[in-house]
Structures are given as structure tokens and as C-alpha cells.
Amino acid sequence: MMAILRHNRTNYKILITDDDEGCRYSLKNIFEPEGYTTYLASCGREAVEIAKHEILHLLILDIHLPDFSGFDTFEFIKEEKRTVIPCIFVSADTSKELKMDAIEADAYTLISKPINKEIIKYAVEQSLEKYY
1 MMAILRHNRT NYKILITDDD EGCRYSLKNI FEPEGYTTYL ASCGREAVEI
51 AKHEILHLLI LDIHLPDFSG FDTFEFIKEE KRTVIPCIFV SADTSKELKM
101 DAIEADAYTL ISKPINKEII KYAVEQSLEK YY
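Position 60 of the sequence shown, counting from 1, maps to 60 under the UniProt record's numbering, and the rest follow consecutively.
In case anyone wonders, no lab produced these hints; they're calculated from the structure.
From a predicted model like this one, the values you see are computed outputs, not experimental measurements.
Glycine residues also receive a C-beta, built at the ideal position from the N, C-alpha and C atoms.
Don't take each hint at face value.
[Unchecked claim] Straight-line distance between alpha carbons at most 25 Å, and here's what the computed PhoX-like set of lysine-lysine pairs gives:
| id | residue 1 | residue 2 |
| --- | --- | --- |
| 1 | K96 | K121 |
| 2 | K78 | K13 |
| 3 | K113 | K130 |
| 4 | K130 | K78 |
| 5 | K13 | K52 |
| 6 | K96 | K28 |
| 7 | K81 | K13 |
[Said to hold, decoys possible] Quick list of simulated restraints, FRET-style, between CB atoms:
| id | residue 1 | residue 2 | range |
| --- | --- | --- | --- |
| 8 | P33 | E104 | 33 to 41 Å |
| 9 | A92 | D67 | 16 to 24 Å |
| 10 | E79 | K13 | 16 to 24 Å |
| 11 | K52 | D19 | 19 to 27 Å |
| 12 | E118 | R82 | 16 to 24 Å |
| 13 | E34 | D106 | 20 to 28 Å |
| 14 | R82 | Q126 | 18 to 26 Å |
| 15 | N11 | S95 | 34 to 42 Å |
| 16 | R45 | Y25 | 14 to 22 Å |
| 17 | E54 | K96 | 28 to 36 Å |
| 18 | E97 | K13 | 17 to 25 Å |
| 19 | H53 | E97 | 29 to 37 Å |
| 20 | E80 | E118 | 27 to 35 Å |
| 21 | E125 | I55 | 15 to 23 Å |
Put together the whole structure using the sequences plus the hints.
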């Protein structure tokens, strides 16, 4: 009988980038008790700086940031890391155009704000399972 190996959640590092401090800390409070390590950034520049120095397994990016867009931030991080990294975009704007932009950016998914705890947890688990 073959055993299915599952990665320990404590091995996964998630970068959460949102200019809304409440949203950042809400997401941190969802994932850290589950065993994930989280890094928090309030803008694209901070996110790119963190990505330069940390091993990351998943990005949760707000699309509307004060400096770069979430899409630009994702591109900068992919260039910096030179690897495939899953990204979950979050936004209050879930227009068809934005959904198409997320697909074109190679995002794992786009989740609408306000963020439903069960939906974001499921998306994170599924994206990590798919990529790792």
C-alpha cells in the first residue's frame, strides 16, 4: 500500500500583501494558527523586498495597492524569484475584466472582498497541493 505524503503546513510560507491593515491581520490570524508562516506587506515595494530575502510558497495579493498594482507586484516577484509561485488575488472589484486580467497574469484564483474565511482557506490548501 502506498502512503500519500502531505507536506506539513509549518513548511509553507505565505506573503500577504494588502494596504488594508485589518485585512492583512485577519488573514494572518486565519493562517498562523493553522501552522503557516506569514509575512505581511502593505504595498508592492514591501512585498518585493520580502520576496528578495525569504523563501515563499504562496502570495495573497490585493490587486489595488498604493504603489504598484497587485499584477505588477506579482510580476516583479516572479522575476525576482525566477520560479513559479502560486498567487491568490483579492479585490472588492471582481468585474469580468479583472477576472480576465487575473487569468492572464497566471493567478491561481481571484477571491472577492470581504474575504470569506472558508473560501480563502480552501483556495490556499488547493493551490499549495497543486504546486507542491
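Evaluated hints:
1. K96 - K121: Holds. K96 to K121 sits at ~23 Å (cutoff 25 Å).
2. K78 - K13: It holds: about 16 Å lies between the C-alpha atoms, which stays within 25 Å.
3. K113 - K130: This hinted pair holds, its Cα atoms lying about 24 Å apart.
4. K130 - K78: Holds, at about 18 Å.
5. K13 - K52: holds (14 Å)
6. K96 - K28: violated (28 Å)
7. K81 - K13: holds (14 Å)
8. P33 - E104: 33 to 41 Å: holds (34 Å)
9. A92 - D67: 16 to 24 Å: holds (18 Å)
10. E79 - K13: 16 to 24 Å: holds (19 Å)
11. K52 - D19: 19 to 27 Å: Given about 20 Å between the Cβ atoms, the range holds.
12. E118 - R82: 16 to 24 Å: violated (34 Å)
13. E34 - D106: 20 to 28 Å: Given range 20 to 28 Å: holds, Cβ gap about 25 Å.
14. R82 - Q126: 18 to 26 Å: holds (24 Å)
15. N11 - S95: 34 to 42 Å: holds (36 Å)
16. R45 - Y25: 14 to 22 Å: Holds - the Cβ-Cβ distance for R45 and Y25, about 20 Å, lies within 14 to 22 Å.
17. E54 - K96: 28 to 36 Å: holds (34 Å)
18. E97 - K13: 17 to 25 Å: At 31 Å between Cβs, range violated.
19. H53 - E97: 29 to 37 Å: Holds, since H53 and E97 (Cβ atoms, about 34 Å apart) stay within the stated range.
20. E80 - E118: 27 to 35 Å: Between E80 and E118, where Cβ atoms are some 32 Å apart, the hint holds.
21. E125 - I55: 15 to 23 Å: holds (19 Å)
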